[in-house]
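Colleague: Dock chain B against the given chain A, drawing on the hints supplied.
Respectively, the protein sequence lines represent chains A and B.
Going by full-length UniProt numbering, the letters in the first sequence line up with residues 1 to 510, in that order.
Going by full-length UniProt numbering, the letters in the second sequence line up with residues 1 to 157, in that order.
None of these hints come from the bench; they were simulated from the model.
From a predicted model like this one, the values you see are computed outputs, not experimental measurements.
Glycine included, each C-beta is placed from N, C-alpha and C at the ideal position.
There's no promise every hint is true.
Stated by the list, open to error - Using 30 Å as the maximum straight-line C-alpha spacing, the simulated DSBU-like pairs for lysine-lysine come out as follows:
#, chain 1, residue 1, chain 2, residue 2
1, A, K382, A, K486
2, B, K5, A, K127
3, B, K5, A, K204
4, B, K9, A, K127
5, A, K204, B, K60
6, A, K127, B, K60
7, A, K193, B, K60
Unchecked claim - Cβ pair distances, simulated, as ranges:
#, chain 1, residue 1, chain 2, residue 2, range
8, B, T126, A, A227, 51 to 57 Å
9, A, H187, B, S113, 15 to 21 Å
10, A, E503, B, S135, 53 to 59 Å
11, B, S117, A, S363, 54 to 60 Å
12, A, H187, B, N43, 28 to 34 Å
13, B, S113, A, V159, 21 to 27 Å
14, B, K5, A, R95, 40 to 46 Å
15, A, P237, B, S91, 50 to 56 Å
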Amino acid sequence: MDSDDDFMSDASSNVDFLDDQGSDIESMDDFGDDIDVGFSQDKDIIGKTKKPYEVDHKVLSPEDIEREQNVQVNEVSSILGLPPESCAILLRYGRWNREKVIESYMDRPEKTLEDAGLGTNFEGAAKTEVIPGFMCDICCEDGDDLETYAMRCGHRFCVDCYRHYLGQKIREEGEASRIQCPGDSCHMIVDSKSLSLLVTEDLKDRYHTLLIRTYVDDKENLKWCPAPNCEYAVDCPVRQRELNRIVPTVQCGCKHNFCFGCTLNDHQPTPCALVKKWLKKCEDDSETANWISANTKECPKCHSTIEKNGGCNHMTCRKCKHEFCWMCMGLWSEHGTSWYNCSRFEEKSGSEARTDQARSRASLERYLHYYNRYANHEQSAKLDRDLYLKTEKKMTSLQSQSGLSWIEVQFLDTASQALQQCRQTLKWTYAFAYYLARNNLTEIFEDNQKDLELAVENLSEMFEKPVPELANLKVDILDKTAYCNKRRVILLSDTAENLKDGEWSFNVEW
Amino acid sequence: MFAGKRLSKELAKMQGHLPPGITFAKSDNLEEWQMDIRVLDDNPLYQNQIYRLKFTFSQKYPIEPPEVQFISLPASHETPRPIPIHPHIYSNGIICLDLLSTAGWSPVQTVESVCMSIQSMLTANTRDERPPGDSDFVSYNKRRPRDINFQYDDDNV
Numbered sequence: 001m002d003s004d005d006d007f008m009s010d011a012s013s014n015v016d017f018l019d020d021q022g023s024d025i026e027s028m029d030d031f032g033d034d035i036d037v038g039f040s041q042d043k044d045i046i047g048k049t050k051k052p053y054e055v056d057h058k059v060l061s062p063e064d065i066e067r068e069q070n071v072q073v074n075e076v077s078s079i080l081g082l083p084p085e086s087c088a089i090l091l092r093y094g095r096w097n098r099e100k101v102i103e104s105y106m107d108r109p110e111k112t113l114e115d116a117g118l119g120t121n122f123e124g125a126a127k128t129e130v131i132p133g134f135m136c137d138i139c140c141e142d143g144d145d146l147e148t149y150a151m152r153c154g155h156r157f158c159v160d161c162y163r164h165y166l167g168q169k170i171r172e173e174g175e176a177s178r179i180q181c182p183g184d185s186c187h188m189i190v191d192s193k194s195l196s197l198l199v200t201e202d203l204k205d206r207y208h209t210l211l212i213r214t215y216v217d218d219k220e221n222l223k224w225c226p227a228p229n230c231e232y233a234v235d236c237p238v239r240q241r242e243l244n245r246i247v248p249t250v251q252c253g254c255k256h257n258f259c260f261g262c263t264l265n266d267h268q269p270t271p272c273a274l275v276k277k278w279l280k281k282c283e284d285d286s287e288t289a290n291w292i293s294a295n296t297k298e299c300p301k302c303h304s305t306i307e308k309n310g311g312c313n314h315m316t317c318r319k320c321k322h323e324f325c326w327m328c329m330g331l332w333s334e335h336g337t338s339w340y341n342c343s344r345f346e347e348k349s350g351s352e353a354r355t356d357q358a359r360s361r362a363s364l365e366r367y368l369h370y371y372n373r374y375a376n377h378e379q380s381a382k383l384d385r386d387l388y389l390k391t392e393k394k395m396t397s398l399q400s401q402s403g404l405s406w407i408e409v410q411f412l413d414t415a416s417q418a419l420q421q422c423r424q425t426l427k428w429t430y431a432f433a434y435y436l437a438r439n440n441l442t443e444i445f446e447d448n449q450k451d452l453e454l455a456v457e458n459l460s461e462m463f464e465k466p467v468p469e470l471a472n473l474k475v476d477i478l479d480k481t482a483y484c485n486k487r488r489v490i491l492l493s494d495t496a497e498n499l500k501d502g503e504w505s506f507n508v509e510w
Numbered sequence: 001m002f003a004g005k006r007l008s009k010e011l012a013k014m015q016g017h018l019p020p021g022i023t024f025a026k027s028d029n030l031e032e033w034q035m036d037i038r039v040l041d042d043n044p045l046y047q048n049q050i051y052r053l054k055f056t057f058s059q060k061y062p063i064e065p066p067e068v069q070f071i072s073l074p075a076s077h078e079t080p081r082p083i084p085i086h087p088h089i090y091s092n093g094i095i096c097l098d099l100l101s102t103a104g105w106s107p108v109q110t111v112e113s114v115c116m117s118i119q120s121m122l123t124a125n126t127r128d129e130r131p132p133g134d135s136d137f138v139s140y141n142k143r144r145p146r147d148i149n150f151q152y153d154d155d156n157v
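Here chain A stands alone, though its shape is the one from the complex (with noise of 0.2 Å):
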């Protein structure tokens, strides 16, 4: 199978994407173990090398991330000599740092295992017991066939308090690896050993999904794909301090591309800052205060915000009684008796005021500049999302119309993918670009986007033809749609490159 090949899709997998499609249906289910085999054989066989915008990374299924950890406890319990559960402890205590974990028990055993929660007395196997003469200090029931349970710790309860007990941390609570003994300041964590003797068979299945999600979380180079309903993890190499040099986008099992960095939808060529910063611009009332600076002026004395609402451009500063001209902020008094029109455009007095209107109004037409096009591709991807919906039903009228097989339609398919894809870096291109300052890359980078633009524009024009034209379009389409997508790996490569280098300055601190 070969499912990575359209990830991150270029000229040449679109060609065989139409081999694919049979295939790539029945395979999903072992996506997680297949992709790594996948990609590798791929580089060997096509020699097909790495995009500088693309990361190395593998998708986990929830049994992968189980194994993964069982490896890990495994070793850590060869090395140590001390029973895996208790290894497991250790190890989530240390947040999975393996070397740190070995090197501080081998330094100070037990205090390493003090701190982790775990006594050092590892003998006996846990199982209940019935105590004679035993009040369970929880319920305060004291019968003779009473089972009861205690930890290394000794602290001894009834089964069935332990068993509420432990219900409680995992099914209200949502704990797993930090659920402590129940005793009072008893920091002894309850292993999995004593968890599986004491619980039954539904919470041991939640205690696991538990204990499986704080390995993620855990876990630097480990992030769940923010898709609804998918269980899939992905692992990639990318630290959080390289995210002003990388824009990590990955592709998990269930094809949602995502943001390792930031787990938001794929934003290339941005980089998580810059993304953050732009949503909140966007989001937040930042351009309201840019419309006060653009439609007001200050008192040039006092500076009270002050918006002219008619009348002539003798102004009295209310507060402060301050005289200008609203046309030149000088003076009133330099006026003379030219009342009601300034002529005085080029008095030093009014210059500076006029200067820092003049720039915020820029900034603001700067801004709704890009926010316009960011917002016109996101529509755009919107609607042709709605398109893709109507793919299919347009593919089957073809089939019937023009007699073509499924698969000869597969084309639209393949374009409205592609469609989606650039107009997602299109839209991104456009908050880049807000925030990038000029240098002479910056060209490069514009026309790189203008030739996108266009490419897109007429491939989105193709598509929406009437369906009997369609047929007849069916090269000049997957010509377009090969082009959309080299124009993409174009313009990707060359952000990407150019950001791992450092050549991108921005105009604003991230």
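Modeller: Frame of chain A; chain B shown alone:
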């Protein structure tokens, strides 16, 4: 009710011997009890005062912590009960105490041990103040104490 036997035992013990400064006030049923506490040393903040604590037990007690807060009875009442001043006690009686959260609670704790903890929390205090943001919290809070996520960031008091 899971806690029936446990609560009856605790109640029985209440009628008998209790640590100094802690007395049983009343319980109309097993789900809600009231306790009176006073500070034993001569801390000027709490001298000659008795405070009333209300315990509410859920079905899951003692696996879950009880809900505990101070309640006030007016000065005109035959047994007046104010809300003690403390940087972790809001003026509506809600107490910010790690011990009473699900994370800090241990099922081995009892009404008696909770009373003792609160008693010593008062004894150790020297600050004549309410928690920061008290008036906002008191006027806007509609939640029950157990649903509030306190930040236990102050280990000194």
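Colleague: Next, verify each hint and record whether it holds.
Modeller: Going through the hints against the structure:
no.: 1; hint: K382(A) <-> K486(A); verdict: holds, 22 Å
no.: 2; hint: K5(B) <-> K127(A); verdict: holds, 26 Å
no.: 3; hint: K5(B) <-> K204(A); verdict: holds, 29 Å
no.: 4; hint: K9(B) <-> K127(A); verdict: holds, 29 Å
no.: 5; hint: K204(A) <-> K60(B); verdict: holds, 21 Å
no.: 6; hint: K127(A) <-> K60(B); verdict: holds, 26 Å
no.: 7; hint: K193(A) <-> K60(B); verdict: holds, 25 Å
no.: 8; hint: T126(B) <-> A227(A): 51 to 57 Å; verdict: holds, 55 Å
no.: 9; hint: H187(A) <-> S113(B): 15 to 21 Å; verdict: holds, 18 Å
no.: 10; hint: E503(A) <-> S135(B): 53 to 59 Å; verdict: holds, 55 Å
no.: 11; hint: S117(B) <-> S363(A): 54 to 60 Å; verdict: holds, 58 Å
no.: 12; hint: H187(A) <-> N43(B): 28 to 34 Å; verdict: holds, 31 Å
no.: 13; hint: S113(B) <-> V159(A): 21 to 27 Å; verdict: holds, 24 Å
no.: 14; hint: K5(B) <-> R95(A): 40 to 46 Å; verdict: holds, 42 Å
no.: 15; hint: P237(A) <-> S91(B): 50 to 56 Å; verdict: holds, 53 Å
The structure agrees with every numbered hint stated previously.
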